[in-house]
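A.B. asks: Given next are the chains, with one letter for each unit.
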Amino acid sequence: MTATWLIARRELAAYLRTMSGYVIAAAALFVQGILFNALALGSEQNRMSTEVLSQFFWVYSGAIIVVSVLLSMRLLAEERQTGTIVLLSSSPVREHEVVLGKFFSSLIFLILITIPSVFMPLLILVNGKLSVGHVATGYLGLFLLGSACLAIGTLGSTLARTQLLAVIISGGMIAGMILLFPMGSLTERPLNDVLFALGLWHRHYPPFQSGLINLRDVVYYVVVTYFALFLAIRVLEARRWR
Amino acid sequence: MIEVDKLTKYFGERAAIRDLSFSIAKGEVVGFLGLNGAGKTTTLRILGCQLLPSSGTVTVDGLEVTQNPYEIRRNIGFLPDTPPLYTEMTVGGYLAFAARLRQVPRQQVAARVAEAEDKTALREVHSEVIGELSHGYRQRVGLAQAIVHKPALLILDEPSAGLDPAQIVEMRNLMRGLRGEHTVLISSHFLTEISQTCDRLLVIQAGELVGQGTEDELGQAMGQGSAAVEVEIKGQPAGIAERLASIAGVSKARVVTASDVATTLEVIASRDVRAEVARLLITEGCDLLRLEQNDRRLESIFMNLTQTPPGGPQ
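If you read the protein sequences in the order shown, they are chains W and Y.
Going by my numbering, the first residue of the first sequence is number 301, and it counts up by one from there.
Going by my numbering, the first residue of the second sequence is number 152, and it counts up by one from there.
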């Protein structure tokens with residue numbers, strides 16, 4: 301656990317010491333702010349506060365997916381690209397400690413850059429009411445979706461030799477998992493049930509967006525996170541053969 | 152300390168190393184010599200528990216590398232050919248991180264970092280960001296990272312690669328300073344570096360061990376117990392090479408370059424003939440400008456061993 305925490309802390313400091321972390325955070329907030337303004341606040345007709353809030357979390361889920369891919373691309377691919385992975389692989393550190401340390405650093409950073417976005421739901425208070433439970437549920441959904449995407453991103457970064465390749469692999473895997481749902485509607489039972497259930501977004505995220513917590517959805521995201529990290533650890537272990 | 156028995160590593164169909172067997176005693180400084188692609192780095196990576204062997208056994212301090220990689224790594228310092236540096240960190244921060252990764256107790260970290268910085272002359276750049284340091288400094292940070300936890304075994308893969316001549320001398324002095332505290336394995340292209348720093352040589356060619364021993368042992372085995380003396384004299388005296396060849400023990404004397412200003416000759420002998428050569432040149436009335444023992448023995452041993460097909464000299 302010490303090694304996991306050491307690696308996570310160093311990685312987190314690297315996000316804060318280099319420009320890329322700030323650029324990703326600024327870009328995410330900027331795009332999110334504009335979209336929130338245009339879609340949620342800026343529409344002509346009168347709307348319920350919950351609708352606006354739901355739209356905020358709908359928009360934010362897209363931002364979280366993109367930001368997760370960008371944050372996780374460097375995790376292991378950069379280490380491999382620059383050769384720094386040798387420092388870890390020549391130390392008495394186990395593969396799962398490396399992968400978990402990397403993953404937690406990106407998750408903590410994702411949480412840090414999500415916190416400033418809270419002002420947007422608070423803006424709803426200007427002209428309406430706000431349900432704290434709804435906001436908390438929405439953020440829980442973002443956290444779970446982000447955690448699953450970061451885990452898939454960590455796996456992509458473990459597989460890739462360069463950061464660009466990591467983005468392509470992780471982006472491809474995430475897009476593929478999201479598209480399982482639309483693909484489900486093209487198939488028949490029982491296959492479509494499986495595809496609907498496996499889709500990364502359409503079935504499992506919208507309940508959070510509208511303030512509902514289903515255990516099924518929470519378990520889904522936790523399992524995706526676990527499975528992606530498990531594969532990343534196995535890939536890293538297998539690398540000792542090459 | 153290290154026992155390697157029939158070590159083989161395949162990458163796909165290609166064997167990078169084949170049936171490598173050798174042993175290294177505690178405290179020895181051993182040099183790995185070989186051309187590019189000979190299998191030096193592969194061997195060092197297996198010894199450093201970075202890579203798993205296809206077959207054969209490697210034990211470090213009685214522990215098998217495939218069974219106990221984590222225990223072994225605690226006692227290993229590894230410097231790959233590209234030092235593994237996080238360029239956004241400060242030297243001190245990076246070394247402390249490396250020490251903590253190698254399980255140095257928290258309260259000892261500062262002292263160990265200071266010690267490693269002293270040994271590698273990095274004190275003055277303790278608070279500098281690694282990315283802003285010169286190549287020579289970075290290489291030293293790489294070395295400091297390998298010794299910060301006082302490992303019993305130090306593995307240095309091409310430690311002088313890419314350094315300028317002044318930095319190479321500096322690095323060599325640093326490596327000499329490590330003698331005694333660690334068992335050291337160095338791979339290098341620089342023959343002088345190997346001959347100046349190592350007790351023993353292992354010569355690898357196409358993944359197989361083609362020679363091992365001290366420089367003298369290898370030289371004798373190759374029938375090259377000879378030494379060359381290079382002399383430079385004023386003008387172009389006639390027949391001087393023949394007279395030098397008549398000295399007892401000299402097997403060959405030849406003119407290397409000749410001009411009206413000066414002539415350079417090479418004298419090959421089975422023993423040190425510098426005194427006789429000097430005396431002869433003076434009695435012959437030559438103006439002696441330069442006389443030196445030309446240490447090209449290791450070079451010729453190396454060339455001979457690496458040009459011999461694996462399986463020994465034919």
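Be careful, since some hints might not be right.
Okay, derived cross-link-like pairs now, SDA-like style, lysine to any residue, Cα gap no bigger than 20 Å in a straight line [claimed, not checked]:
no.: 1; chain 1: Y; residue 1: Lys-301; chain 2: W; residue 2: Ser-354
no.: 2; chain 1: Y; residue 1: Lys-301; chain 2: W; residue 2: Leu-388
no.: 3; chain 1: Y; residue 1: Lys-157; chain 2: W; residue 2: Trp-541
no.: 4; chain 1: Y; residue 1: Lys-301; chain 2: W; residue 2: Pro-392
no.: 5; chain 1: Y; residue 1: Lys-301; chain 2: Y; residue 2: Glu-381
no.: 6; chain 1: W; residue 1: Lys-429; chain 2: W; residue 2: Ser-354
In case anyone wonders, no lab produced these hints; they're calculated from the structure.
Owing to the predicted nature of the structure, the values given are computational and were not obtained by experimental measurement.
A.B. asks: Could you run down the list of hints and mark each one as holding or not?
C.D. replies: Verification of the supplied hints:
| no. | hint | result |
| --- | --- | --- |
| 1 | Y/Lys-301 x W/Ser-354 | violated (57 Å) |
| 2 | Y/Lys-301 x W/Leu-388 | holds (17 Å) |
| 3 | Y/Lys-157 x W/Trp-541 | holds (18 Å) |
| 4 | Y/Lys-301 x W/Pro-392 | holds (14 Å) |
| 5 | Y/Lys-301 x Y/Glu-381 | violated (43 Å) |
| 6 | W/Lys-429 x W/Ser-354 | holds (13 Å) |
Of the numbered hints stated above, those contradicted by the structure are hints 1, 5, listed in ascending order.
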